[in-house]
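All chains should be built: construct the whole structure from the sequences, respecting the hints.
Protein chains in written order, with my numbering: chain A, 1 to 147; chain S, 148 to 648.
Hints should not be assumed to be uniformly reliable.
[Stated by the list, open to error] Taking CB as the label site, the calculated pair distances span:
#, chain 1, residue 1, chain 2, residue 2, range
1, S, Asp-351, A, Pro-90, 20 to 26 Å
2, A, Val-13, S, Val-280, 17 to 23 Å
3, A, Ile-14, S, Asp-499, 40 to 46 Å
Calculated directly from the structure, the hints in this document are not laboratory data. Glycine included, every Cβ here is placed at the ideal spot set by N, Cα and C.
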Amino acid sequence: MIRSDRILGVVVVIVALAFIASAYNLPAGNLFDKLGPKAFPIIVAAGMLVSALGLIFRPDPEADWPEMTSLVSIGFATVVLIGYAYSLKPLGFLAPTAIAAAILSYQITPKPLYAVLTGIGLSAGLFIIFKYALGLGLFALPRGLLG
Amino acid sequence: MDLFANLALGFEIALSPMTLFLAVIGCFLGTIIGALPGLGPSNGVAILIPITFTMGLDATAALVLLTSVYYGAMYGGRISSILLNIPGDEPAMMTTLDGYPMAKNGRAGDALVISGVASFVGALLATIALALVAPYLARIAYKFGPAEYFALYALAFATLGGMASNNQAKSALASFIGLGIALIGIDNNSGFTRFTGGNLHLADGIDFLVAIVGLFAVSEVFFFIESHGKGSAVGVVLGKVTVPWREIWSTRWTMLRSSAVGFVAGVLPGAGASLGSFMTYMMEKSIAGKNGGFGTGVAKGVAAPEAGNNAAAGGALVPMLTLGVPGSGTTAVLLAVLMTLNITPGPTLFADRPDVVWGLIAALLIANFVLLAMNVPMVKVFVRILQVPPAILLPGVTMISFVGIYSLSGSYFDLLLMVGFGVMGYIFRKMDIPTVPVILGILLGYQMENNLRHAMTLSGGEWTYLLSSPISIGLWVAAAMGFIAPMFLRRYLRKPQMVTD
Numbered sequence: 001m002i003r004s005d006r007i008l009g010v011v012v013v014i015v016a017l018a019f020i021a022s023a024y025n026l027p028a029g030n031l032f033d034k035l036g037p038k039a040f041p042i043i044v045a046a047g048m049l050v051s052a053l054g055l056i057f058r059p060d061p062e063a064d065w066p067e068m069t070s071l072v073s074i075g076f077a078t079v080v081l082i083g084y085a086y087s088l089k090p091l092g093f094l095a096p097t098a099i100a101a102a103i104l105s106y107q108i109t110p111k112p113l114y115a116v117l118t119g120i121g122l123s124a125g126l127f128i129i130f131k132y133a134l135g136l137g138l139f140a141l142p143r144g145l146l147g
Numbered sequence: 148m149d150l151f152a153n154l155a156l157g158f159e160i161a162l163s164p165m166t167l168f169l170a171v172i173g174c175f176l177g178t179i180i181g182a183l184p185g186l187g188p189s190n191g192v193a194i195l196i197p198i199t200f201t202m203g204l205d206a207t208a209a210l211v212l213l214t215s216v217y218y219g220a221m222y223g224g225r226i227s228s229i230l231l232n233i234p235g236d237e238p239a240m241m242t243t244l245d246g247y248p249m250a251k252n253g254r255a256g257d258a259l260v261i262s263g264v265a266s267f268v269g270a271l272l273a274t275i276a277l278a279l280v281a282p283y284l285a286r287i288a289y290k291f292g293p294a295e296y297f298a299l300y301a302l303a304f305a306t307l308g309g310m311a312s313n314n315q316a317k318s319a320l321a322s323f324i325g326l327g328i329a330l331i332g333i334d335n336n337s338g339f340t341r342f343t344g345g346n347l348h349l350a351d352g353i354d355f356l357v358a359i360v361g362l363f364a365v366s367e368v369f370f371f372i373e374s375h376g377k378g379s380a381v382g383v384v385l386g387k388v389t390v391p392w393r394e395i396w397s398t399r400w401t402m403l404r405s406s407a408v409g410f411v412a413g414v415l416p417g418a419g420a421s422l423g424s425f426m427t428y429m430m431e432k433s434i435a436g437k438n439g440g441f442g443t444g445v446a447k448g449v450a451a452p453e454a455g456n457n458a459a460a461g462g463a464l465v466p467m468l469t470l471g472v473p474g475s476g477t478t479a480v481l482l483a484v485l486m487t488l489n490i491t492p493g494p495t496l497f498a499d500r501p502d503v504v505w506g507l508i509a510a511l512l513i514a515n516f517v518l519l520a521m522n523v524p525m526v527k528v529f530v531r532i533l534q535v536p537p538a539i540l541l542p543g544v545t546m547i548s549f550v551g552i553y554s555l556s557g558s559y560f561d562l563l564l565m566v567g568f569g570v571m572g573y574i575f576r577k578m579d580i581p582t583v584p585v586i587l588g589i590l591l592g593y594q595m596e597n598n599l600r601h602a603m604t605l606s607g608g609e610w611t612y613l614l615s616s617p618i619s620i621g622l623w624v625a626a627a628m629g630f631i632a633p634m635f636l637r638r639y640l641r642k643p644q645m646v647t648d
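This is how it looks when you write it as structure tokens:
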């Protein structure tokens with residue numbers, strides 16, 4: 001039976017093998033550094049292998065995953081956060097923060113007007129706190145607009 | 148006497164207006180963080196770290212602020228346990244067992260006051276014990292060479308991992324994943340780049356703050372999206388709060404016993420506050436016997452876990468300061484603070500930076516009195532704050548995390564990594580894979596490898612050198628026991644189920 005423990009176990013086995021393969025290309029130790037840069041990574045990767053095999057052969061009962069709609073909205077939230085990470089620098093603080101906060105707020109409690117107000121309020125409030133109370137160097141607006 | 152001279156030095160630093168101000172702010176923020184469901188000491192401290200650094204506070208000031216938040220969160224965790232039957236953080240879970248029934252009997256105010264006083268007793272005694280015990284442990288730690296340190300790190304992983312999950316393989320996996328992440332980047336000894344896959348952003352390694360904020364704070368928002376913010380605090384009412392003096396006096400032995408047990412549980416590497424509150428509740432329950440009424444809402448049932456978990460919080464600082472090995476998730480986060488400030492915890496810390504150590508201890512003593520004042524007369528303020536709906540709180544926490552990490556590194560790549568760690572935290576917690584060993588691995592990986600390499604170079608490549616001293620043999624035996632024992636004790640140590648309505 002396929003369980004998420006087994007899937008993760010297989011992924012970790014692949015990562016651990018890649019780790020070992022990559023570590024083999026590193027030089028061996030010398031007199032001043034007996035182990036060199038390759039020994040400890042191989043120990044760690046071996047540990048990953050053994051514990052991952054433990055997961056594959058003795059998996060726990062399946063985790064309590066949420067239904068599909070929740071998974072989709074969590075995936076969507078991830079995409080929003082990635083977009084937020086990319087836009088923070090070119091677009092300034094205010095607009096991306098308001099949009100990202102509003103979307104997350106809507107996803108937690110689906111009330112449109114409330115979410116929009118939360119987004120705007122958080123964006124403005126946090127900007128004031130960060131910029132003036134804590135003195136962080138944030139840009140409010142896209143840098144192009146300010147010249 | 149040494150102790151008093153040291154404490155005098157500490158109070159000289161702690162009583163400066165700036166430090167006092169930071170302690171009060173820290174206590175206030177900490178209590179809020181602890182009280183809000185979904186935010187606990189570890190993720191609360193985590194989101195504040197980047198902000199603290201960009202404010203440019205010096206080492207003592209930053210530590211005072213963040214440890215006050217830590218202590219405050221331990222106090223605050225009980226508020227939502229009692230009023231909502233939702234632990235504000237994991238160590239406060241045991242407080243729901245008698246705290247919530249008390250609130251249902253219309254005695255929410257009494258429960259909050261008794262648990263506040265118990266928190267104060269536990270935390271104060273633990274801070275005093277910390278001042279007494281830590282210098283001695285630091286002296287023993289001078290005897291530690293690289294082989295002993297390597298064994299000590301193994302012990303920390305073993306006990307923390309042994310306690311953290313119901314499946315030893317998952318704890319071990321989490322530790323090794325953390326260690327693996329720590330290896331990414333340039334190897335400082337040889338100058339070779341390892342495991343970056345040619346990505347230049349990874350050459351400097353993965354900043355542990357990015358991992359901490361991602362795993363502890365960002366992952367939380369996914370949980371709230373899944374649950375749509377159910378179980379929030381809207382509509383809680385709290386009547387007039389009076390101090391039930393006689394009832395507090397009746398729990399005096401409970402508080403003292405629980406403080407002692409909690410402190411010891413905290414000092415053990417990896418055990419931490421959750422174990423402290425669990426052990427003290429169980430101990431008091433068996434002392435009180437069947438007629439003690441534990442579980443129906445009695446004062447002792449609230450006093451024991453709160454004294455226990457706050458004492459454990461103080462105890463957990465002992466191994467963190469003297470050995471550089473954290474005793475719990477939050478002290479792992481505090482260790483990250485020290486490392487970022489270029490302070491190496493360990494025995495030399497007590498000799499080289501007495502201002503940091505004793506300033507911190509003095510500030511914690513002061514913070515306890517501030518917290519008592521905030522948590523007993525002012526408790527209604529925090530009950531009000533608890534009603535912030537999650538649809539505002541969680542987006543706020545996420546945005547603060549982003550700004551904090553961004554202002555620290557200015558790199559969008561770190562933000563992407565943070566989101567990645569957030570997703571990983573969600574999946575891992577769903578699958579009952581503990582995230583604290585991952586953090587511990589990222590934090591200690593560099594030191595662990597260095598000590599191993601140093602030990603091997605000293606011994607000329609002889610692996611038996613790792614077991615050549617009684618101290619290191621003792622540590623390895625303890626590590627093996629700490630990892631294996633929970634498998635057999637699990638039957639008896641099963642966490643009790645939450646009270647249901």
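Status of the hints after comparison with the structure:
1. Between Asp-351 (chain S) and Pro-90 (chain A), the C-beta spacing of about 23 Å keeps the proposed range 20 to 26 Å intact.
2. Here the CB-CB span from Val-13 (chain A) to Val-280 (chain S) is close to 44 Å, at odds with the stated 17 to 23 Å.
3. The given range of 40 to 46 Å is respected by Ile-14 (chain A) and Asp-499 (chain S), whose C-beta atoms sit roughly 45 Å from each other.
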